[in-house]
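Chains as they are written, first to last, in the UniProt record's numbering: chain A, 1 to 259; chain B, 1 to 58.
Just so you know, these hints were derived from the structure itself, not from any lab. Accuracy of the hints is not assured; some may be wrong.
Said to hold, decoys possible - Ranges between beta-carbon positions, derived for each pair:
#, chain 1, residue 1, chain 2, residue 2, range
1, A, Lys256, B, Ser39, 20 to 28 Å
2, A, Val131, B, Ser40, 39 to 47 Å
3, A, Ser190, B, Leu13, 18 to 26 Å
4, B, Gly28, A, Ile199, 18 to 26 Å
Unchecked claim - These stretches of chain A come out as covered by chain B in the derived footprint (C-beta under 8 Å, 3 or more residues):
#, segment
5, 3-13
6, 24-38
7, 97-106
8, 190-201
9, 212-222
To be verified - Residues from chain A shown here face chain B by an in silico Cβ test under 10 Å; the list is partial:
#, residue
10, Val121
11, Gly126
12, Leu165
13, Ile173
14, Val207
For clarity, every value in this text was computed on a predicted model and none was experimentally measured. Virtual Cβ for every residue (Gly too), placed ideally from N, Cα, C.
Chain residues, written in single-letter form:
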Amino acid sequence: MIVKYLLAALVAGLFSGVVMTAAQEARVIPLILHAEEFEGEEGDPAATGTEAPQTTHEHSSLRSAPSLADITAYFSPISVAHAHEGEHEDGGIMFGMSRFSGTLLANLVTGTGFALLLAGVSLLTGNAITVANGALWGAAGWLAVHLLPAIGLPPELPGFPAADLGARQAWWIVTVVLSGAGLYLLILKSGIAAKVAGIGLIAAPQVYGAPQPSDLSSNVPAVLGAEFAVAALATTLFFWIVLGLSLGFANEKIAKAAR
Amino acid sequence: MAVSNVSSVSLSLSDRLVAGLVALLLGGFLVFGAGLANSSVLHDTAHDTRHSYGFPCH
Numbered sequence: 001m002i003v004k005y006l007l008a009a010l011v012a013g014l015f016s017g018v019v020m021t022a023a024q025e026a027r028v029i030p031l032i033l034h035a036e037e038f039e040g041e042e043g044d045p046a047a048t049g050t051e052a053p054q055t056t057h058e059h060s061s062l063r064s065a066p067s068l069a070d071i072t073a074y075f076s077p078i079s080v081a082h083a084h085e086g087e088h089e090d091g092g093i094m095f096g097m098s099r100f101s102g103t104l105l106a107n108l109v110t111g112t113g114f115a116l117l118l119a120g121v122s123l124l125t126g127n128a129i130t131v132a133n134g135a136l137w138g139a140a141g142w143l144a145v146h147l148l149p150a151i152g153l154p155p156e157l158p159g160f161p162a163a164d165l166g167a168r169q170a171w172w173i174v175t176v177v178l179s180g181a182g183l184y185l186l187i188l189k190s191g192i193a194a195k196v197a198g199i200g201l202i203a204a205p206q207v208y209g210a211p212q213p214s215d216l217s218s219n220v221p222a223v224l225g226a227e228f229a230v231a232a233l234a235t236t237l238f239f240w241i242v243l244g245l246s247l248g249f250a251n252e253k254i255a256k257a258a259r
Numbered sequence: 001m002a003v004s005n006v007s008s009v010s011l012s013l014s015d016r017l018v019a020g021l022v023a024l025l026l027g028g029f030l031v032f033g034a035g036l037a038n039s040s041v042l043h044d045t046a047h048d049t050r051h052s053y054g055f056p057c058h
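Using the sequences provided together with the hints, build the complete structure.
This is the structure we're talking about:
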């Protein structure tokens, strides 16, 4: 029985990961590729203002209609590795996959991970996720994992100025955990003390403040950054609502089968 | 399965806690690996995903 609930999360997570990949390709990836054209231009004032040289991958569907060869290369498991030339000598995409395959794989893993976390909270607190409340569970997950941390650390494009990675990751993890706990107290616990404690937990990391970079200059245009922040938050909200609904659906299937 | 909870989760209390903890640990491990782990190969594979999800990156 335990395994069945974990399987429900697995199915919902994989499904949401696939759906998220489509949403990302439509709204987010073109902006990342665009920003990468500006990345690594520092110290070359002649290059700014002119059209940046073409980077090696042009997967964006917004630019031109892809040829058949482009489409096959897109799904091919074997392709030229990309990613920040010279930044990581020993990097490269796992198993020599194409950039798209790597993103799809990462989305499947991330989707499954978030689905398991959501299911875990539901099981531990004894509040079942159903189709009726699935979208609300998803929205709460999005608040805890994306919107509330984004107040301190907005979604960044490649080439954006940022503080020390370890410090940002630590603040991010603490904020997600505190926000999740705060939302639990606020939404699922009754009593004025629980509500106040919930708001306090949510506010604490924001009052403490996220690590900020000392130098804010960047080659990436600010408009791209604004578009990206909105696109990233919108697609993740979509992902979490799909995840909550599909997890509720899978849970109800299991409950029905167990009867 | 004889014990019924207030919720419609049809597990006994101890089963429910075990399932919840396993789910949290497994889910945390997967999200950490895809989103936060400091490995070049993992970073490059999940690069676009990390940015899209707003994980701290670079």
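Checked hints:
The given range of 20 to 28 Å is broken by Lys256 of chain A and Ser39 of chain B, whose C-beta atoms sit roughly 42 Å from each other. For Val131 of chain A and Ser40 of chain B, the Cβ-Cβ distance of about 41 Å falls inside the hinted range of 39 to 47 Å, so the restraint holds. Taking the beta carbon of each, Ser190 of chain A and Leu13 of chain B are about 20 Å apart, inside 18 to 26 Å as hinted. Between Gly28 of chain B and Ile199 of chain A, the C-beta spacing of about 25 Å keeps the proposed range 18 to 26 Å intact.
A stretch counts as covered by a chain when three or more of its residues have a beta carbon under 8 Å from one of that chain; for the segment 3-13 of chain A and chain B the count is 3, and the coverage holds. Counting residues of the segment 24-38 of chain A whose beta carbon lies closer than 8 Å to any beta carbon of chain B gives 4, which meets the minimum of three for the stated coverage. Check result for the segment 97-106 of chain A against chain B: holds, 6 residues qualifying (beta carbon to beta carbon below 8 Å, three or more required). Judged by the Cβ-Cβ criterion of 8 Å, the segment 190-201 of chain A is not covered by chain B as claimed, because only 0 of its residues qualify and three are needed.
With 0 residues having a beta carbon nearer than 8 Å to a beta carbon of chain B, the segment 212-222 of chain A misses the requirement of three or more and the stated coverage is violated. With 10 Å as the threshold, the beta carbon of Val121 of chain A comes within range of chain B, its nearest partner Cβ sitting at about 7 Å, so the hint holds. Annotation: interface hint on Gly126 of chain A holds; nearest CB of chain B at approximately 5 Å, less than 10 Å. Evaluation of the Leu165 of chain A hint against chain B yields a held restraint, the C-beta minimum of about 6 Å falling below 10 Å.
With its C-beta approaching chain B no nearer than about 7 Å, Ile173 of chain A sits inside the 10 Å limit, and its interface hint holds. For Val207 of chain A, the interface hint is violated, the least distance from its beta-carbon to any beta-carbon of chain B being 19 Å, above 10 Å.
Hints 1, 8, 9, 14, counting from the list given before, are not met by this structure.
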